[in-house]
Amino acid sequence: MTADIHTTPRSSAPARPAGKPAGRGRRRGRFGVHIFLMAVTLGFLAPLLLAVYASLRPYEETAKHGYFSLPEHLSFDYYRQAYSDSGMGKYFTNTLLIAVPAVLITLFLAAFVAFAVSRLRIRGGMILLMFFTAGNLLPPQVLVTPLYVLFLKIPLPWWMSDSLTLYDSYWAIILVNIGFQVGFCVFVLSNFMRTLPQEILEAAIVDGAGVWTQFWRITLPLCRPALAALGTLEFTWIYNDFLWALIFISNPDKLPITSSLNNLRGQFFTDYNLLAAGSVLVALPTVLVFLLLQRHFIAGLTLGSSKG
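So the number in the numbering used here is just where the residue sits in the sequence shown, counting from 1, plus 48.
Hints are computed from structural coordinates only; laboratory data are not their basis. Accuracy of the hints is not assured; some may be wrong.
For each label pair, taking beta carbons as the anchor points, the in silico distance ranges come out as [stated by the list, open to error]:
1) Y196 x P119: 44 to 52 Å
2) V81 x I153: 51 to 59 Å
3) E247 x Y101: 42 to 50 Å
4) R75 x L185: 39 to 47 Å
5) L98 x F179: 27 to 35 Å
6) D210 x H121: 44 to 52 Å
7) R75 x D133: 50 to 58 Å
Only a predicted model underlies this, so the values are computations on that prediction, with no experimental measurement involved. We put the CB at the ideal spot given by N, CA and C, even for glycine.
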């Protein structure tokens with residue numbers, strides 16, 4: 049005795065239209081995206097490439113044939129002249145004395161606050177986070193006059209400031225940058241720390257780890273990509289700052305690197321090719337920092353974009 053077995057045909061994908069391969073539309077889409085990204089990249093790099101190109105040509109040549117003409121002579125003479133005429137060595141040192149401590153202290157303080165807000169679940173943590181974030185919305189120009197008056201009245205010992213006040217010292221620029229940048233870093237780090245598995249801290253607590261151990265030996269190493277990304281951004285922003293130094297420093301010998309470009313401008317004539325060479329030299333440290341932290345920077349930006 050045999051039984052009839054009735055099978056239900058499986059649902060199949062819709063038939064492909066004749067003459068249209070499945071991957072052709074996808075390849076066209078990717079090609080369009082690549083063209084768009086290349087155009088945007090070229091648009092951002094065009095000013096830098098033009099500055100590099102102009103810095104390698106004599107000013108007389110560009111004045112005669114234009115900046116978009118083919119070169120007749122290329123050299124690095126302008127770079128040597130820009131470095132020596134503007135005194136960049138001294139200004140580079142001034143900038144590092146401001147940027148490096150400001151970045152390190154900002155990240156250190158922001159990591160503390162972010163850990164307390166996101167991992168310890170303290171009372172009022174969300175309000176505290178909103179307070180730090182709202183500080184970034186305040187225009188810096190609003191605080192120029194109050195800070196100027198305040199810094200003139202805060203005394204410092206002679207070994208910290210030649211002026212014996214917070215005004216006209218590196219500490220003034222460092223404190224202002226920390227105050228304006230720590231809120232953004234707290235916001236980013238707190239959101240990143242919330243993505244870390246809670247089971248890691250719970251296991252550490254079971255093993256007897258205190259709060260400091262949870263922060264310094266467990267949470268902070270896991271935040272290395274985010275810290276590297278923030279460190280790159282913060283160094284770039286503080287390095288390129290000119291407003292605070294212009295307001296709170298009166299001694300020309302203490303000004304940062306961004307002010308050295310003004311030394312390349314003449315009273316009656318400005319060699320813009322020389323100025324372009326100086327601009328490229330000023331931008332090199334930020335490019336170097338990005339290249340050194342590129343892997344961690346990209347990892348910090350892409351964390352959370354995919355799972356698994």
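Structure-based check of all given hints:
The given range of 44 to 52 Å is respected by Y196 and P119, whose C-beta atoms sit roughly 47 Å from each other. Between V81 and I153 the Cβ separation comes to about 41 Å, which falls outside the hinted range of 51 to 59 Å. Take E247 and Y101: their Cβ atoms lie about 55 Å apart, and the range 42 to 50 Å is violated. Against the hinted window of 39 to 47 Å, the Cβ-Cβ separation of R75 and L185 comes to about 44 Å, which satisfies the hint.
For L98 and F179, the hinted distance range of 27 to 35 Å is not satisfied, since their beta carbons lie about 44 Å from each other. Judged by the Cβ atoms, the range 44 to 52 Å given for D210 and H121 holds: they are separated by roughly 46 Å. The beta-carbon spacing between R75 and D133, approximately 53 Å, falls within the hinted interval of 50 to 58 Å.
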